[in-house]
Amino acid sequence: MAMRGLKTFITDLRNCKTDEEEQRRVNKELANIRSNFKDKKISGYSRKKYVSKLVFMNLAGYQVSFDQAVIEALVKSDKYSEKRIGYLALSIIIQENLNLSKNLYNAILADLTKSSEVGSCMALHAISLLENQKIATMVSSIIYDMILSKGVQFYQKKKASLCLSILIRRFPSIIKSNIWCEELIKLLTYPHLGVVTSIASVVLVLVQTKPEWCSSATEYSVRKLEKINITRDYPKDYLYHDVPAPWLQIKLLRILQYLEPTDDQKLLTQIEAVILNIYNNLSSQKKNLQNYNIVSALIIEAVNLSIHLGCLGTLIDKTVTVLNSFISSKDVNMQYLGLDTMGHLAVDYEDLKIFQKYKSVFFSALNYTDSSIQNRASDLLFTITTIETAKETVEKLVALLKRTQLGQRSDLLAKIAVLTEKYATEYTWYVDVMYDLILFSDGDIDNNIWKRAVQVIMANKELHVYAVRRSLLVIEPTADKNALKLSIYLIGELGSLISAEPECSPMIQLNKLELSTNKNDSEICGMAITAISKIVANFPEMGEDAIKFFNKIKKNYGIIIQQRINEYIAIIELKNPTLMQAVFSKTEISIGSGSSITKQLLKKSKSMGDRRTWVPETKILRHESKENLQLTSSNSKAQLNSSINSGMASSIAVEILESNYNQLLWQKFGYLYNNEEIKISVKLELLPPVAKLLFYVENTTNKPIDNFSINIQSDKNSNEESLPAEATTEDLCVIRDSDYDEHLYSGLKLLPGIKVERTFKFTCNRIFYNVPKLEISYACDYNGTLKTINFPVPLNFVQFIEPVKLSSQDFLSRWQQLQGSLYESQVIFVPDLSIVEKYNVLKLDNASFDKGSSTDDDELLSNIKAAESPFVDISDAEVLKSTKNNDESANIADYLSSVKKIFESVGLFEIKDLDSDPENYTGVGVATTNTAGRFGTLVRFELDSAKKMAQLTVRATSCDISVLFTKKFSSIFGK
Amino acid sequence: MIKAAMVFNNFGKPRLLKFFEQLPQTEKKLKRDSGIQQSILRETFGLVTRREATQCNFLEGNQQIKDKDIRIIYRQYATLYFVFVADKSESELGILDLIQLFVETLNRCFNNVCELDLIFHYNEINYILSEIIMGGMVVETKINEIILAVKESKSRLEPKK
Numbered sequence: 001m002a003m004r005g006l007k008t009f010i011t012d013l014r015n016c017k018t019d020e021e022e023q024r025r026v027n028k029e030l031a032n033i034r035s036n037f038k039d040k041k042i043s044g045y046s047r048k049k050y051v052s053k054l055v056f057m058n059l060a061g062y063q064v065s066f067d068q069a070v071i072e073a074l075v076k077s078d079k080y081s082e083k084r085i086g087y088l089a090l091s092i093i094i095q096e097n098l099n100l101s102k103n104l105y106n107a108i109l110a111d112l113t114k115s116s117e118v119g120s121c122m123a124l125h126a127i128s129l130l131e132n133q134k135i136a137t138m139v140s141s142i143i144y145d146m147i148l149s150k151g152v153q154f155y156q157k158k159k160a161s162l163c164l165s166i167l168i169r170r171f172p173s174i175i176k177s178n179i180w181c182e183e184l185i186k187l188l189t190y191p192h193l194g195v196v197t198s199i200a201s202v203v204l205v206l207v208q209t210k211p212e213w214c215s216s217a218t219e220y221s222v223r224k225l226e227k228i229n230i231t232r233d234y235p236k237d238y239l240y241h242d243v244p245a246p247w248l249q250i251k252l253l254r255i256l257q258y259l260e261p262t263d264d265q266k267l268l269t270q271i272e273a274v275i276l277n278i279y280n281n282l283s284s285q286k287k288n289l290q291n292y293n294i295v296s297a298l299i300i301e302a303v304n305l306s307i308h309l310g311c312l313g314t315l316i317d318k319t320v321t322v323l324n325s326f327i328s329s330k331d332v333n334m335q336y337l338g339l340d341t342m343g344h345l346a347v348d349y350e351d352l353k354i355f356q357k358y359k360s361v362f363f364s365a366l367n368y369t370d371s372s373i374q375n376r377a378s379d380l381l382f383t384i385t386t387i388e389t390a391k392e393t394v395e396k397l398v399a400l401l402k403r404t405q406l407g408q409r410s411d412l413l414a415k416i417a418v419l420t421e422k423y424a425t426e427y428t429w430y431v432d433v434m435y436d437l438i439l440f441s442d443g444d445i446d447n448n449i450w451k452r453a454v455q456v457i458m459a460n461k462e463l464h465v466y467a468v469r470r471s472l473l474v475i476e477p478t479a480d481k482n483a484l485k486l487s488i489y490l491i492g493e494l495g496s497l498i499s500a501e502p503e504c505s506p507m508i509q510l511n512k513l514e515l516s517t518n519k520n521d522s523e524i525c526g527m528a529i530t531a532i533s534k535i536v537a538n539f540p541e542m543g544e545d546a547i548k549f550f551n552k553i554k555k556n557y558g559i560i561i562q563q564r565i566n567e568y569i570a571i572i573e574l575k576n577p578t579l580m581q582a583v584f585s586k587t588e589i590s591i592g593s594g595s596s597i598t599k600q601l602l603k604k605s606k607s608m609g610d611r612r613t614w615v616p617e618t619k620i621l622r623h624e625s626k627e628n629l630q631l632t633s634s635n636s637k638a639q640l641n642s643s644i645n646s647g648m649a650s651s652i653a654v655e656i657l658e659s660n661y662n663q664l665l666w667q668k669f670g671y672l673y674n675n676e677e678i679k680i681s682v683k684l685e686l687l688p689p690v691a692k693l694l695f696y697v698e699n700t701t702n703k704p705i706d707n708f709s710i711n712i713q714s715d716k717n718s719n720e721e722s723l724p725a726e727a728t729t730e731d732l733c734v735i736r737d738s739d740y741d742e743h744l745y746s747g748l749k750l751l752p753g754i755k756v757e758r759t760f761k762f763t764c765n766r767i768f769y770n771v772p773k774l775e776i777s778y779a780c781d782y783n784g785t786l787k788t789i790n791f792p793v794p795l796n797f798v799q800f801i802e803p804v805k806l807s808s809q810d811f812l813s814r815w816q817q818l819q820g821s822l823y824e825s826q827v828i829f830v831p832d833l834s835i836v837e838k839y840n841v842l843k844l845d846n847a848s849f850d851k852g853s854s855t856d857d858d859e860l861l862s863n864i865k866a867a868e869s870p871f872v873d874i875s876d877a878e879v880l881k882s883t884k885n886n887d888e889s890a891n892i893a894d895y896l897s898s899v900k901k902i903f904e905s906v907g908l909f910e911i912k913d914l915d916s917d918p919e920n921y922t923g924v925g926v927a928t929t930n931t932a933g934r935f936g937t938l939v940r941f942e943l944d945s946a947k948k949m950a951q952l953t954v955r956a957t958s959c960d961i962s963v964l965f966t967k968k969f970s971s972i973f974g975k
Numbered sequence: 001m002i003k004a005a006m007v008f009n010n011f012g013k014p015r016l017l018k019f020f021e022q023l024p025q026t027e028k029k030l031k032r033d034s035g036i037q038q039s040i041l042r043e044t045f046g047l048v049t050r051r052e053a054t055q056c057n058f059l060e061g062n063q064q065i066k067d068k069d070i071r072i073i074y075r076q077y078a079t080l081y082f083v084f085v086a087d088k089s090e091s092e093l094g095i096l097d098l099i100q101l102f103v104e105t106l107n108r109c110f111n112n113v114c115e116l117d118l119i120f121h122y123n124e125i126n127y128i129l130s131e132i133i134m135g136g137m138v139v140e141t142k143i144n145e146i147i148l149a150v151k152e153s154k155s156r157l158e159p160k161k
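Protein chains in written order, with full-length UniProt numbering: chain A, 1 to 975; chain B, 1 to 161.
Calculated from the structure, these hints are not laboratory results.
Quick caveat, the model's predicted, so the values are computed rather than measured.
Hints should not be assumed to be uniformly reliable.
List of simulated lysine-lysine pairs, DSSO-like, C-alpha gap at most 27 Å [as the list claims (entries may be wrong)]:
{"id": "1", "chain 1": "B", "residue 1": "151", "chain 2": "A", "residue 2": "7"}
{"id": "2", "chain 1": "B", "residue 1": "151", "chain 2": "A", "residue 2": "28"}
{"id": "3", "chain 1": "A", "residue 1": "668", "chain 2": "A", "residue 2": "838"}
Stretch-level coverage of chain A by chain B, calculated; a stretch enters the list once three of its residues show a Cβ under 8 Å from a Cβ in chain B [claimed, not checked]:
{"id": "4", "segment": "82-92"}
{"id": "5", "segment": "153-160"}
{"id": "6", "segment": "287-300"}
{"id": "7", "segment": "501-511"}
Ideal Cβ placement from N, Cα and C applies to all residues, glycine included.
Next up, chain A with everything else stripped away, as it sits in the complex:
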């Protein structure tokens, strides 16, 4: 490098003793360069020299801007040294994402096509950095021709291939056709191995973007691998530390991982032989570090490939042995890669037993001081955790968490939280671990975690008492912020449960909440004052103390909190217990369809660059069952249930279905369907016009069920995706909002005894008769065929009716307004007294109608019902027979109360003072739709027990509703 000026400049900078001195020297130089660039007749040499200085300043971290005209002149120069520095400066401009001038673009394009080989290679370098779709599309066919043309040198061919592979990666649309792909793939047989390596890069991108056009790549890759590995046919100068063309081999092994495993038996055998050959290199002596590294790199890739192929036959044992030798090796790099690849195997391989043997090795890897290794080990452990090992794993991960630096814990925290929730078998364990996490993490925790803990605790009744007790112990002014928030929330919601216990009186709770505001944090204060008000709602005698406290702290906070405090004081001072209860009633929290913690993990694993062949968290996400706490008692009940039901033939199931559907009109939770393999229950959450159906599917066999999918098929055109715009034209449509993640609904694996919850939301646009179908499919255990079950979703328009309070006078005047066939429908029928026992509404505890009761309780209840009902029915029937003649009037009374109960549960408000006849019922409700508005629905039911006749009259603002309602209920109540 013959530029003296540059050398002097660099030496000068190195001699500067302070940053200021250096800055002065740089400024001086910049001024010098500016004045020289103004000279139009500047020589090529000076241009080169000054731009070189600018490039150096940029590297040293100084902010410089290049004059694009100067760069252009250099790029266009015939002198190699000038052109080179021009392109170097150009790469900096591109890298910094500045706009290039049109002339510069033209200069690059001119070099690509018209210039010498070296010039076009420089242009290729520059193009590979440009993220400009127009340019990419324009040059892609030129580059493609360059690769295929016979007259082009290896040197240029290599660069053209790489450039194309990068352009395809950025803009997949430049792939023209399958012939285009095939021509490139064929070049894998090119005689020059250097060129083949670059071609392999192109093919690697092609198989990721257009696998359907690249099926021939399998054969070409396998043949090449075989040539190198088995027949040892390769040019000797491509040996790298005794390994032939390792980078090419790695690429070929990768290509095969992106393609569907072939079913060509001959090819498979060849692949297996190649993999085994690569494995065998491990045992050979360690020659030097380079050789050892590259041999191991190949082995890791071979392992990844054999995992992709499903670990054929004998390969699995070998694979595990090889990986284990890596993990227990002395070389830290090998340990890291061993753990990483073992993690890959664990995601794909079903039988987790093979990993348990090495568990202690994995645990000890957590104790390394190297965070890279800790991360791999915790990913691996996260994947292989089973219900048996969960406790131990969580314990070790928590221990690791305590050693992890602040700021790097969030990932680990999320993993522990997910595992604890998924495998909680004892309620104390879940609560203890969550508190440990939150208390310990000292603010360095995602908000999602304590919020999720609130959701889980609130949704599981058996956790309530334990959790609130724990909260009361934790809540100290010195505690961590998040721990305070969790505790304050739980005391507010659940404090009343333990108020009778020693040291837990409402007064003590109130004091502790008061102390928690000492932190002067307005968010905590906001939560605390709400919690205090909730206590007052349950224990009005605390009102005075609360107001005193509110007044005391009011001044310390901003206007929003002050406002809220004033409102609370005003409500408490009204001394109206009903109002207090209504305002501060227990918040209903549904467990939600996707926990944000798992979403966070999912988000992390979405990558933008090369598609990964595997992602560590996928296994648990696939399996993620939102039914969180599998209490052993409900498991045994479920088994009992399935053993009874397994006797039923599938034809009977349809009949059962009918009455199940009817029951779901008024029950918010119920059992829907079961067969030999699965059991489905459903929970309905209504917020008209939106209805949420939560399906709980349980695998009742003792083996995992594969390929399980659950989906809603729209009734009309089941094949088409219903777009939101079209969907609104349907009467009842499925909503797929941002929460909807396709992967969570198909290709799942159901583990035995584990319940999976999947939620679907619907909007009712107007009155509907047809409902979409729920389609469930899964692979049958015995022959692997796909079994599909279809049934309509248990939704009916009457469910969208909600009670509305109306006085008897108002009712009467509406009733009169809605006279005539435009509004009214009337049916007379013979009452079917058997509904009393059939639907059993009177025998059930009121709790089952309570919308707020937890799913576990409902579940238990419906299990008990299902398990016992045959016996109940028989005994009831006997009782009935013997007493039939004696006590018919009692039956009529039961019938009438059943009818009333059902109407009430469906969503009607009973108008009690309207009719003196006790055999009559009057009720009113309003149906809410999304687009058609709301419909008042007035119902009158009259029973004539003497004549054994009943009459149901409905007047609604739309006659369709009246007809639907009378039809449905006369068929349920009548014979």
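With the hints as your guide, set chain B onto chain A.
This is chain B only, laid out in the frame that chain A set:
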């Protein structure tokens, strides 16, 4: 693909900074700060120098590089750190050997390369790297071929001289 190649000394002074993707634009506030490049360098320097010699050569994550799913693969030679940043499609050990290959090539070009060579021939280093990696993909892995390409390119462009 390889996202970036960096060489810096144990004080964090850069000797080579090459990015194979356009970097997000950032506000340039300080005079002595060419934006995101230097800031990625600083973060990487911090991550790498914290590690001990007994720890493995792989690191996960640099917050500022667009793609989150990346590994930092590094090797230390005397006072210099050679750092390549790559996504999951590259073999970690393959990259580690590529660094070795890069260093061996430099050694052949400069006869026992030292930091001073890298400083005064910073543009030469860039050209050598461009014969090994292009746009984030490996061009060539055979040392002789690389050196030949570096030496020959001049005569190819200016054959008369």
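Which earlier hints turn out false for this structure, listed by number in ascending order? 2 and 7
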